[in-house]
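S.K.: Here is how the chains run, residue by residue.
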Amino acid sequence: MKPEITVVVSRGQNHDPAERTRDHEIADRLSARGDLEVLVVPHLNDLPANAASLAALRQRTGPLIVFAWLYPRAAHWILDRHKIAGQFGATRIQADADAKSADQTPSDSPQESVERVVDFRPLPARSIYCIDLRDCTSTDAVHGEVERILTELGHGAFRSSVGSSEGNGSRPWQAIADDTQRRWYPVIDFSRCTNCMECIDFCLFGVYGLDESDTILVEQPDNCRKGCPACSRVCPENAIIFPLHKSPGIAGASGSIDGLKVDLSQLFGKPAPDQHLGQIARQERARQLAASTNPSTSATSPPQAPPHSDSSDDLDQLINALDQFDL
Amino acid sequence: MSDSLVFRMGEFEAAFPTDRQYARNHMWARRQDSAYRFGFSAYAVRLLQDVYFLDWIVEPGLDLQPRQEIGSIESKKAEASLYAPIAGRLSILNPELLDDPSAINVDTYGIGWLFEIQPSIPNTLEEDDPSDLMSAQEYVAFLDEVWVATQRTIKGQLG
Numbered sequence: 001m002k003p004e005i006t007v008v009v010s011r012g013q014n015h016d017p018a019e020r021t022r023d024h025e026i027a028d029r030l031s032a033r034g035d036l037e038v039l040v041v042p043h044l045n046d047l048p049a050n051a052a053s054l055a056a057l058r059q060r061t062g063p064l065i066v067f068a069w070l071y072p073r074a075a076h077w078i079l080d081r082h083k084i085a086g087q088f089g090a091t092r093i094q095a096d097a098d099a100k101s102a103d104q105t106p107s108d109s110p111q112e113s114v115e116r117v118v119d120f121r122p123l124p125a126r127s128i129y130c131i132d133l134r135d136c137t138s139t140d141a142v143h144g145e146v147e148r149i150l151t152e153l154g155h156g157a158f159r160s161s162v163g164s165s166e167g168n169g170s171r172p173w174q175a176i177a178d179d180t181q182r183r184w185y186p187v188i189d190f191s192r193c194t195n196c197m198e199c200i201d202f203c204l205f206g207v208y209g210l211d212e213s214d215t216i217l218v219e220q221p222d223n224c225r226k227g228c229p230a231c232s233r234v235c236p237e238n239a240i241i242f243p244l245h246k247s248p249g250i251a252g253a254s255g256s257i258d259g260l261k262v263d264l265s266q267l268f269g270k271p272a273p274d275q276h277l278g279q280i281a282r283q284e285r286a287r288q289l290a291a292s293t294n295p296s297t298s299a300t301s302p303p304q305a306p307p308h309s310d311s312s313d314d315l316d317q318l319i320n321a322l323d324q325f326d327l
Numbered sequence: 001m002s003d004s005l006v007f008r009m010g011e012f013e014a015a016f017p018t019d020r021q022y023a024r025n026h027m028w029a030r031r032q033d034s035a036y037r038f039g040f041s042a043y044a045v046r047l048l049q050d051v052y053f054l055d056w057i058v059e060p061g062l063d064l065q066p067r068q069e070i071g072s073i074e075s076k077k078a079e080a081s082l083y084a085p086i087a088g089r090l091s092i093l094n095p096e097l098l099d100d101p102s103a104i105n106v107d108t109y110g111i112g113w114l115f116e117i118q119p120s121i122p123n124t125l126e127e128d129d130p131s132d133l134m135s136a137q138e139y140v141a142f143l144d145e146v147w148v149a150t151q152r153t154i155k156g157q158l159g
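First to last, the protein sequences are chains A and B.
Okay, so the first sequence: first residue is 1 according to my numbering, each after it adds one.
Okay, so the second sequence: first residue is 1 according to my numbering, each after it adds one.
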């Protein structure tokens with residue numbers, strides 16, 4: 001008998017009422033099928049290492065279908081960090097821009113000769129499909145995608161046998177409670193990481209360490225300085241994910257795509273983007289170091305003038321554009 | 001509410017009370033004893049629309065550099081990092097917003113305030129006038145200048 005397939009719905013941490021209802025709608029819809037175990041857990045990013053949710057997931061050895069308010073790569077490597085590991089299952093529910101950039105697995109990379117951590121430390125065979133709830137705008141589409149995944153997993157026969165033994169009744173989803181607080185830490189995408197040690201050399205806060213086989217790991221995630229993504233910028237393979245970072249490229253988007261929402265950071269004082277990544281990373285690190293050692297001193301970049309433009313479109317068009325920007 | 005100046009944003013009229021000052025990053029500033037209390041201007045709130053999430057990466061007691069990143073905000077339409085409007089020591093973050101930031105939309109000039117900073121004003125400046133802050137009149141003139149860059153920011157991302 002095949003191991004059971006488990007659906008995991010990871011709740012949002014947002015105050016968006018639509019987000020709050022979406023995860024429950026999906027849990028309800030998939031529970032109603034009656035043939036899937038559905039677990040509802042807090043936001044994956046915020047689960048502490050000893051969370052009951054993670055312990056429960058470690059007991060599931062079959063395929064996982066994980067819905068989370070995170071980029072699929074971020075969700076996948078958060079789970080991997082907690083020893084809930086598997087092959088990266090490709091989903092077809094994606095933002096449009098994401099779909100265009102296709103999968104960026106190492107096998108697609110031209111640098112085939114470079115050895116990645118997963119090459120010498122393979123992932124278990126079972127599949128983990130991570131789906132970004134931000135892209136799940138229709139429960140029908142979600143249901144259809146789950147059907148497709150079940151077919152891909154060869155789950156049809158199993159499904160009918162369960163259906164006959166349990167009738168057509170639904171199988172209520174199960175919520176696992178954990179006390180969570182917002183956490184901030186990096187996770188490593190080991191399908192990209194080459195174990196080059198740039199990050200452990202760069203980070204001054206002891207976040208990184210080595211395991212018994214001298215492979216990089218995030219040893220002390222809670223040493224990480226909240227809001228600081230500096231090591232992600234210095235990683236030559238873009239393998240370091242800060243799941244909650246605002247920039248899609250740092251938060252685990254599959255390609256270098258822009259987020260769905262307008263970024264107003266420049267309006268609110270973001271320095272002009274004319275600095276080299278390494279320079280930004282060193283400044284971020286220096287600021288965090290100053291803040292952690294002596295609150296009364298500081299190290300930061302000098303303020304820069306905001307960008308100017310000679311465009312002559314009018315503000316009405318701008319506001320109309322905002323209003324038409326329907327997510 | 002005291003007198004206000006109005007800046008038209010399409011059909012929307014953004015009002016700026018004249019009883020306070022404004023920073024270039026679209027926050028209002030009002031003297032509260034020795035500190036300045038800051039909040040989003042109506043212009044910023046209109047661009048953000050419904051605020052869903054507000055997160056700070058700094059804590060009270062920290063000395064802020066101007067334009068140092070201090071947190072982030074996410075709304076129905078937009079997301080943004082937030083930066084210190086002036087130099088000084090952060091004295092308090094509005095506790096009412098930590099669980100539910102919707103007061104920003106309900107009353108941005110009142111209970112929707114964001115934080116207070118004790119300004120590190122150089123001695124050469126007049127006491128009530130950190131050079132970074134503008135009057136409501138100056139802010140409206142500033143908006144006339146910067147909406148072009150604003151538009152480019154948004155349209156570039158929409159395009």
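The reader is advised that the hints may include incorrect statements.
Calculated cross-link-like contacts (lysine-lysine; reagent style PhoX-like; alpha-carbon spacing at most 20 Å) [to be verified]: (1) K246(A) to K226(A); (2) K77(B) to K246(A); (3) K77(B) to K226(A).
Far from chain B by the CB rule (all over 10 Å, computed), these chain A residues [said to hold, decoys possible]: (4) N14; (5) D16; (6) F88; (7) G227; (8) L267; (9) A291.
Everything labelled a hint here was simulated from the structure, so no lab data went into it.
Glycine included, C-beta positions come from ideal geometry on N, C-alpha and C.
S.K.: Look at each hint and say if it fits the structure.
M.R.: The hints, checked one at a time:
1. For the given pair, K246(A) sits about 13 Å from K226(A) by alpha-carbon distance, which is consistent with the 20 Å threshold.
2. For a cut-off of 20 Å, the pair hint linking K77(B) to K246(A) stands: about 14 Å separates their Cα positions.
3. Of the supplied pair hints, the one linking K77(B) and K226(A) is violated, its CA atoms being roughly 25 Å apart against a limit of 20 Å.
4. Listed as a non-interface residue, N14(A) fails to keep its Cβ farther than 10 Å from every Cβ of chain B; the least gap is roughly 5 Å.
5. Here D16(A) does not stay apart from chain B, with its beta-carbon only about 4 Å from theirs, under the 10 Å limit.
6. For F88(A), the shortest C-beta to C-beta distance to chain B comes to about 26 Å, beyond the 10 Å cut-off, and the non-interface label holds.
7. Non-interface status of G227(A) relative to chain B is broken: a Cβ of that chain comes within 10 Å, the nearest being about 3 Å off.
8. With a least CB separation of 6 Å from chain B, L267(A) falls inside the 10 Å interface cut-off, contrary to its annotation.
9. Non-interface call for A291(A) relative to chain B: violated, since the shortest CB-CB distance, roughly 7 Å, does not exceed 10 Å.
In this structure, the hints that do not hold are numbers 3, 4, 5, 7, 8, 9, in rising order.
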